[in-house]
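Since the structure of chain A is provided, determine the placement of chains B and C on it from the hints.
Residue numbers (the working numbering), protein chains in the order written: chain A, 1 to 301; chain B, 1001 to 1333; chain C, 2001 to 2434.
Don't take each hint at face value.
[To be verified] The calculated lysine to any residue pairs, modelled on SDA-like cross-linking and capped at a C-alpha distance of 25 Å, are:
id: 1; chain 1: C; residue 1: K2410; chain 2: B; residue 2: Q1104
id: 2; chain 1: C; residue 1: K2285; chain 2: A; residue 2: P77
id: 3; chain 1: C; residue 1: K2270; chain 2: B; residue 2: G1182
id: 4; chain 1: B; residue 1: K1192; chain 2: C; residue 2: D2411
[What the hints assert, rightly or not] Chain C regions said to be covered by chain A (calculated; three or more residues, Cβ under 8 Å):
id: 5; segment: 2047-2054
id: 6; segment: 2075-2083
id: 7; segment: 2093-2106
id: 8; segment: 2259-2268
It is worth saying that the hints were derived from the structure and are not from the lab.
All of these numbers come straight from a predicted model, not from anything done at the bench.
Note that CB positions come from ideal geometry on N, CA and C, so glycine has one too.
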Amino acid sequence: MAQMTTTAPLAAPLGDAPARVNRPRRGRRSVGASIALHGTLILASLIAIGPIAWVVLSSFKPGYAVQSTEITLVKDPTLANYEYVLFETNFPSWFLNSVIVAALTMLIGIFFSATTGYALSRFNFPGRRSLMMVFLVTQMFPVSILIVPIYTIMANLGLINTLPSLVIAYLTIAVPFCAWMLKGYFDSIPTSLDEAAALDGCGPFRIFWRVILPLARPAIAVTGFYAFLTAWGEVAYASAFIQTDDKYTLAYGLQQFVPQFNPQWEYLTAAAVLVTIPAGIVFLFAQKHLVSGLTAGGTKG
Amino acid sequence: MSTVTADAAPRSAGLSTKLRRSWDKHWTAWAMVVPVVAVLAVLIFYPLANGIWLTFTDQTEANQVAEICTKSITGGEVCKENPNAWSFVGLDNYINVLTGRIGQFWQWTGTTLIWTFFGVTFHYGLGLGLAVMIHREMRMRGLYRVLLVLPWAVPAFISAFAWKFLFNEQLGLVNSVLNGLGVDSVAWFANKWSALFVAVIANIWLGVPFMMVALLGGMQSIPEELYESAEIDGASPWQRFRNITLPGLRPVSMTVILLGTIWTFNMFPIIFLVTEGQPAGQTEILVTGAFRAAFEGLRNYSLASTYGVLILSILLIFSVFYRRVLRKQGEVW
Amino acid sequence: MRRITKGLAALSSVALAFTVAACGSDSKPAATETKAADPASLSAELTWWDTSDAKNEGPVFQELIKKFNTTYPNVKINYQSVPFADAQNKFKTAAAAKTGAPDILRAEVAWVPEFASLGYLYSLDGSELLADESDYNAAAMASNKFDGKTYGVPQVTDSLALLYNKELVEKAGVSVPKTWAELKTAAQTVKQKTGVDGAYVNPAGYFALPFMYGEGGDLVDTTAKKIVVNSEQNVAGLKVAKDLIDSGAAVKPSATDSYGTMMTLFKEKKVAFIVNGPWEVANVKAAPGFGGVENLGIAPVPAGSAKAGSPIGGHNYVVYSGVPQEKAAAAVAFIKFMNSAESQAALADKLGLLPTRKSAYEIDTVKSNAVVTAFKPVTESAVSRPWIPEGGQFFGPLDQMATEVLVQNKDAKASLDAVAQKYKAEVVPSYATN
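In isolation and in its complexed conformation, chain A is listed as follows:
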């Protein structure tokens, strides 16, 4: 991390900003720094995937070998667990339900938290501060206590055993956080941009939609991924609201492999792997947008 010299002075003709995003930011790293950097990241990655590796390895073992006095990496490898999970349970419809619920939570969540976040960031309206506090309060009351009253409300709305009940419940978890997060991000976008657009005759909604949102791509990617995962992995609400096998979400469907006695680790782990892969893919898409929206000019000046 020592010497970073030379390249900086060459920097920055304003025009080619987008290209700079993917350019090496600063001078070359020394070999030592490189080794330290990669070494740390490799170590961190190993720690991150360690327990997951256990899950993956277990998913290829027969049930009796998952927990055993003899600790093995691979034992009697088999694909039977995946076969069972994919073809002999309702996995495909659970999968579809999860995709629907998570996608809706993500899209609706981003939309509402972006508008809310923008209002919180740009307008000093009465009730603004208390609204921020209110959002916090929604996160403070333990979910386990809220489930019974929310069930009653959902029942009155006729939403029990429907996917919308889950989408709504997950939005109450995701939107407050996402709105806070986006508010912070919008704060860092100079108001001079809004003002300039307003001078050009844009209304507030147009400014938000045309000017601010495109600049907020990284934050939208982060909050969107958050909203997606909230819906993707949640169990408590799903276990209360959903009653028929064809409406289960993945995370709740997995509970079927943990009966009163005799947990079926082999299926549980295989299903967990199948649940994790799509989440990883969604992140791959999200991370493409984790590039600076702001360096695209504008901020200079």
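Relative to the frame of chain A, chains B and C by itself:
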């Protein structure tokens, strides 16, 4: 907002013009927040208000209805008055909980504070460190990002099982590695602190990716030019981190630390599944303790709500305090 | 518009309930009438929440449903497998909101008095389901009784037994222990002669009961309304368990996942004696290297100084009280079929589930089933648990106590006193303490 004390007629006139003016000025902002507020009001605040009311009663699943009816399968229904219908009990619930007559509120609170402090500190510290590293342009950056984010993508209860298995006293990998190194097996869950240690480790593992991604998103809003000019001025990497990265991340950091604290405080599955509160309930935190106290067997709604309100109060005090501290350094929210 | 029609429907069903209630005794003959009638005339759609193991047990129940439909073609059963862990709260939440509860539920024994006290279940008295009540094992039936009425019929019963590895026991040359003292010496001998551990004591409340019952203890006395969990007998019982561990006869247990550890060790022939129920037989049988069911010994739990006793468990069929009366006949017919001696025998045959009907044990396939016959004396001598609505809350404090005493070496008396205090404060405040 309006604390007008004048007599009726002028007040209503003044109020309505005031409202009108306020509306003209702020309708866009209100239009943008109103859907969210409406949904939250119905789904969270109504139950919350109801929950606060419950804390002053002794309502449980068994005494909440005035009469209990038994239907016979051969037809007919016998209803009788609930022998012990609920009643108002004033502050009894709070007294029972706070004096330790029911549950172990103070022990759970202490454990929760330790749990939250270590969890959030390491989440943020490690998340920031990794985000800084991974923000740089380098080979395999995309791969590192995905690998580091995976713990977040696995359903939490599966990871909880994985950690519990790794630390199983007789069949777990950790102890067998220790044995291989010539160290005796550790009975991880037989002692409060070692059990809590395992749970905190699992929770750190689970929560770092979120912090990393959130901070990574925040770093994108720091103009590259700032770094470049700092470099020209000869700032060291540490100085750049101190004076550009950290301040630039301030809005995001503020949010994730605040919400991270709230979430970790109320983090249910890790304690519930990894330590199961073992040994003998010593690693129970407030949410899991409250759940076991109130929701096993006949559900005790008033007790659950009492814990809920106490948790809420602690977190509210924390948020207000947190805001005070931050406000000294500038505008917060 | 729709709301109005919905309201009307609700109103009319209320009206119906009133008429039915008004002529309660008159409707009895009507029920018997349907029985006599052609089964095909019975038409209804029923939802059944099954909480059994979705993979291993579920398909067998579904087969039975198919068989049921050959006699009753117009009764459609919506079979729902619900994870056991959340079925209890799920049912109560749905029943309280009067939306979403199933018509029929497979309820764990301790749930029945709880649900019944909340008014969530139909009482079955006077129906065909109880016509042959004497055929049921009385201890298994007892969990369905609450406040003088009967709210369910037992589907399957179970109890803890001493399971042992025949090969290891023979190798050590010991006989099957009849008392805890004999178990201690037998386990020690196994350890000396074969090198593997003798026994595993699971430090959990339910699994501590045989030790307490053995000395004549119990949790509460429901007739005298008294908390007796901190009795001298229970202290003595726990000392017996503790001594097994301290003397090296039993493995030092772990605080979490001790159940899984116990089963892994047993299945891999690393421990000779465990105490567990019939639900694990299939798993032991399937474990490679154990030697199948031929190598599995089953005996009643060892006795303490007073007696040998283990807690009774199992599952019952119950009918949700929100089911409209006109579907009741179909629900009765379904449960009657599912719980007939023949159906129970089929379940015993395929899954090793223990029948609750005496007549089922007379059927040849059951008689020749070694596991079921081995468990028969175990369930016959099983000890009834306190069947009160608060029954589900007894085990939380008891589990803590078991960990304290058996893992953390705390004083048994002090731990039990704390349990008694908790029962008094949180579970049964109206009961007297010692």
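Hints, one by one, checked against the model:
{"no.": "1", "hint": "C:K2410 - B:Q1104", "result": "19 Å, holds"}
{"no.": "2", "hint": "C:K2285 - A:P77", "result": "21 Å, holds"}
{"no.": "3", "hint": "C:K2270 - B:G1182", "result": "22 Å, holds"}
{"no.": "4", "hint": "B:K1192 - C:D2411", "result": "18 Å, holds"}
{"no.": "5", "hint": "2047-2054", "result": "holds (count 4)"}
{"no.": "6", "hint": "2075-2083", "result": "holds (count 5)"}
{"no.": "7", "hint": "2093-2106", "result": "holds (count 8)"}
{"no.": "8", "hint": "2259-2268", "result": "holds (count 5)"}
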